[in-house]
Structure formats: C-alpha cells, structure tokens
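Number of protein chains: 2
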Amino acid sequence: MSLKAISSKDAAALDKDLMEIGGWSLDQLMELAGLSVSQADMRADKVEVYRVHPLSSGKNILVVCGPGNNGGDGLVAARHLAQYGYNPSIYYPKEGKNELYQRLKTQLNNLAIPFITDFGEALKSTHFIIDAIFGFSFGGPLREPFPSIISQIESTSIPVLSVDAPSSWDIQEGPPKEGPGAKFMPQSLISLSAPKPCVKHYRGRHFIGGRFLTKAIVEKYGLDLPQYPGIDQVLEIGVDAEGRL
Amino acid sequence: MSLKAISSKDAAALDKDLMEIGGWSLDQLMELAGLSVSQADMRADKVEVYRVHPLSSGKNILVVCGPGNNGGDGLVAARHLAQYGYNPSIYYPKEGKNELYQRLKTQLNNLAIPFITDFGEALKSTHFIIDAIFGFSFGGPLREPFPSIISQIESTSIPVLSVDAPSSWDIQEGPPKEGPGAKFMPQSLISLSAPKPCVKHYRGRHFIGGRFLTKAIVEKYGLDLPQYPGIDQVLEIGVDAEGRL
Chain H
3 MSLKAISSKD AAALDKDLME IGGWSLDQLM ELAGLSVSQA DMRADKVEVY RVHPLSSGKN
63 ILVVCGPGNN GGDGLVAARH LAQYGYNPSI YYPKEGKNEL YQRLKTQLNN LAIPFITDFG
123 EALKSTHFII DAIFGFSFGG PLREPFPSII SQIESTSIPV LSVDAPSSWD IQEGPPKEGP
183 GAKFMPQSLI SLSAPKPCVK HYRGRHFIGG RFLTKAIVEK YGLDLPQYPG IDQVLEIGVD
243 AEGRL
Chain S
3 MSLKAISSKD AAALDKDLME IGGWSLDQLM ELAGLSVSQA DMRADKVEVY RVHPLSSGKN
63 ILVVCGPGNN GGDGLVAARH LAQYGYNPSI YYPKEGKNEL YQRLKTQLNN LAIPFITDFG
123 EALKSTHFII DAIFGFSFGG PLREPFPSII SQIESTSIPV LSVDAPSSWD IQEGPPKEGP
183 GAKFMPQSLI SLSAPKPCVK HYRGRHFIGG RFLTKAIVEK YGLDLPQYPG IDQVLEIGVD
243 AEGRL
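Quick mapping for you: the protein sequence lines, in order, are chains H and S.
Reminder that position 16 of the first sequence reads as 18 in our numbering, one-by-one numbering, no gaps.
Reminder that position 208 of the second sequence reads as 210 in our numbering, one-by-one numbering, no gaps.
For reference, chain H alone in the conformation it holds in the complex (with noise of 0.2 Å):
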C-alpha cells in the first residue's frame, strides 16, 4: 500500500481546517485520534489472535505523554486502553495546560490510572511503552527532561509504539544526526491522517489511524484516503525495502 506524505506545515493547516471550515472539536478528533493509537498496539491489529489471547503479551503499559496535542493523543490512548484490561500508567512531566488536558485527566483519575513521577522505576515492570511526547508540530531542541527519557526508551529493550513520529526525530530530516534519539527505532509507529515525511527513515510496523477525513481534505493536501478495512479505526501499511511508503 502506497501512502502520500504530508509536511508538518501542511498537517498544522490540516488540523486547522478541520476545525475552522470541518466544524471539528479538538475534544472529536482526539477522541478518534487516541482510540486509533489504543488499537495500533503490536497485539490488537489481528483480531482474532487479540481475542484468543488477549492482552497475553504483558499488562503493563507506559505512555509517556508530551505538553501538546501528541500527549493529549496518549491520554486518550490510556483511556480506552484501561477500558481493554490494560493497566496503562502515565508519564506526563510537562503537563498541558489547557482545559481539555485538565479534563483528561481527570476521566483517567477516575480509572485509578496512576500518574508516575519515576520514569527509570516504572520501565522495569513495564511491557510495553507508547511515545506520546512530540508530533509534527515538533521542531526541536530537545528540552529537559526529555533528552534523559528519550535516551532511555531509546536503548530499553522493551517494545515502544510512537504516535505520529519517533519522538526526538525531525518531521522532515528524520533522526538527529547525534544524541539522543539518533539510533531510536520504535517497533511500531502509527501515523495520525497522513504519514509524516521522517517515515522514509523508519523500519518497522506502520499504522495509520485517525479515521476521519474528507474526500475535500485529502484533495486539497494532495493526500491518499487510507482504504480501512470494514469498520476498523486504524490500518497496518507497509513500508518496503528502499523505506519507500
């Protein structure tokens, strides 16, 4: 399956025009946003297999969540994963400050879905990890204290599913050159509306998710509308040997 690109300028006008002229919320497209990355996870994109064997390969799930919209995603995320069975814990050192994230919390408050303070402490009964941080609004530097996580997630052995992009990696460039992040390879990244550049640099399993666009929308952004499979929130894409979409 081939899939266009967008540019985080162009995702930034997308989002916009969603809301201005689409008659979106931001509490809407989060919602279909975070559900997507809820069921990108490594065990949930066979049906069958998921329910056969639900949530066997570890319950513990840390979604580390960034001060924007990514994070925001990564809340929602937690949520409906708490509804699955998962026992999802948060990382949010920087915490957003508007009202939605403020009700976000909450809703996950009143899931007992704690807020962990200790990043190190909690990767070692941790089985699974969501990257939440940065999105394509990312431009950076790196500012504390996440050059400390990423290097950490960067060199765990557990399995990390990013949201939008590997977070430290440019929207255009990709990795950094050096630092933290340079070798961070997320075994499973799920792209929001449209992949962003920076997946011509990914090798790994490729979501996408985020299941309301227009035809109009995908027209004017020069966009392919993802051909969903019945009623599913989210689809696995390929990306094949030269890293091409």
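Hints listed in this document are in silico derivations from the structure and should not be mistaken for laboratory results.
Predicted model, so just to flag it, every value in this text is computed and none were measured.
Note that beta-carbon positions come from the ideal geometry of N, C-alpha and C, so glycine has one too.
Nothing false has been slipped in among the hints.
For the chain H half of the interface with chain S, some residues (derived, Cβ under 10 Å), not all of them: (1) L20; (2) E33; (3) L102; (4) N112; (5) T216; (6) K217.
Here are the simulated DSBU-like cross-link-like pairs (lysine-lysine), alpha carbons at most 30 Å apart as the crow flies: (7) K107(S) to K217(H); (8) K217(H) to K99(S); (9) K222(S) to K61(H); (10) K217(H) to K61(S); (11) K11(H) to K222(H); (12) K179(S) to K11(S); (13) K107(H) to K11(S); (14) K217(S) to K99(H); (15) K202(H) to K217(H); (16) K96(S) to K126(S); (17) K61(S) to K6(H); (18) K18(H) to K107(S); (19) K217(S) to K126(H); (20) K217(H) to K126(S); (21) K217(H) to K96(S); (22) K61(S) to K222(H); (23) K61(H) to K185(H); (24) K126(H) to K185(H); (25) K6(S) to K61(H); (26) K126(H) to K179(H); (27) K18(S) to K107(H); (28) K185(S) to K202(S); (29) K222(S) to K107(H); (30) K217(S) to K96(H); (31) K99(S) to K18(H); (32) K61(S) to K96(S); (33) K18(H) to K202(H); (34) K222(H) to K107(S); (35) K11(H) to K107(S); (36) K107(H) to K217(S); (37) K18(S) to K99(H); (38) K11(H) to K202(H); (39) K185(H) to K96(H); (40) K126(H) to K96(H).
Dock chain S against chain H, hints included.
For chain S alone, coordinates are given in the frame of chain H:
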C-alpha cells in the same frame, strides 16, 4: 449475559456525573456513543463476515434524528457509516439548536451526506433505518411530524436499529397501548451505557455500546460493566425467552 437496567432518571444523573465530575465533554461522549451505534449494525457484529461481504446487504441507510442527544448520536453514527463506505442520508425534521449539533451538520455536509426532507420518498430506496429519534429522556406525547414518521417506520419491512429505546416507547413501561409505536418492534436495539427498563418488552437483537463507564459509576448506579471483547466498542447481549436480560 445479564445486565441490569437503568431508569431514565438515573441515566440522566449518570450523564451529568460523567460531565460534571468525570471531566467528559458532550463531544467526547457523543463521539463514542455514535461510534458504537455505527458498529452495532447487523452486518458489523461478525467482523469476519463483514470483511468478506462488506456492505452486501445494501448501502443506503436512512438515519432518522430527533432534536436531542439521541439525534446527535445518530448524526455521529452517520458520519462513521459514511467512512465505512455506506451511503447514509439524514432525516432531521426538528433540528437541535446547540452549537454541537450545528457542527455535526457541518461535518456531515462536508462528507456530502444528504439531509432529506421527503421521508416517504427516501424510504423507497433505503436498505436500513437507524431510529435515533428519542432516547432515555423521552416522556411523550409524540409531536408532529413524529407520529406519522413512527407509523411509517413501524409498518415498513426495512430492518431498523433503534438507539437506546424504540422511539415512542415509554422508557419505563415499553410500547404505547395504542397509536403510533404500539406495534413497533425494531430488529435491533443498541442500549447506550446500560439497558433501559423498557427492554423487558423488547424482542430482537440487542447490543450495548458506549464503552466509557468507570467502576465508580457502575457501583453508584448499581449497574453491570459489560464485558466487551478485545477492542470492540459494541457488544451483542441476549434477551431470554421471557424477555429478561
């Protein structure tokens, strides 16, 4: 499977709790409710069959929306159904006035989903009806144009999915003794959050959706937490021979 019912008074209090204490917005709740409705379609409950014979029972779905939140759930469901490849159209004779409903209309307009005005004419080319007219807050009596609409839905042979309750039914007591709706028995019903007491009069396929309750809410209202499989947003539950859940 056995699930306790919730009275309309408690259902209203539960919604209020979710928003005032739980941090949920109506946008978020309606998104997940409408998503569940879109997936409760007769053809979607067996994922494998759905994938092998997608849309095979006919693509034209008429979504009949009332002026309140039940209608809003229908609008969200229609949006998702369009993404799945169905051709929904909307009959929305008494539009809700708040800005969320207006934004939902904009979202549907952007997907070129038609709002029809001739209900009888639309019925002729419809393969499936979603009854999103009235939900748990319905207290009767039916006002125009709904007596005529419900009479037509009641007497058609087109399969109907009702959202939360068959419209015209009293939420506690079930179908009216006479007049429009007295013989209304939709082929499918999706209860949102919890079944309403009127389901004891219901005979047909029964689904539950709205996968967002917390243990605290379930305990407060004396409900059962449905055991949704895997990542599913909807679950089929049985009604026994005596109509007990």
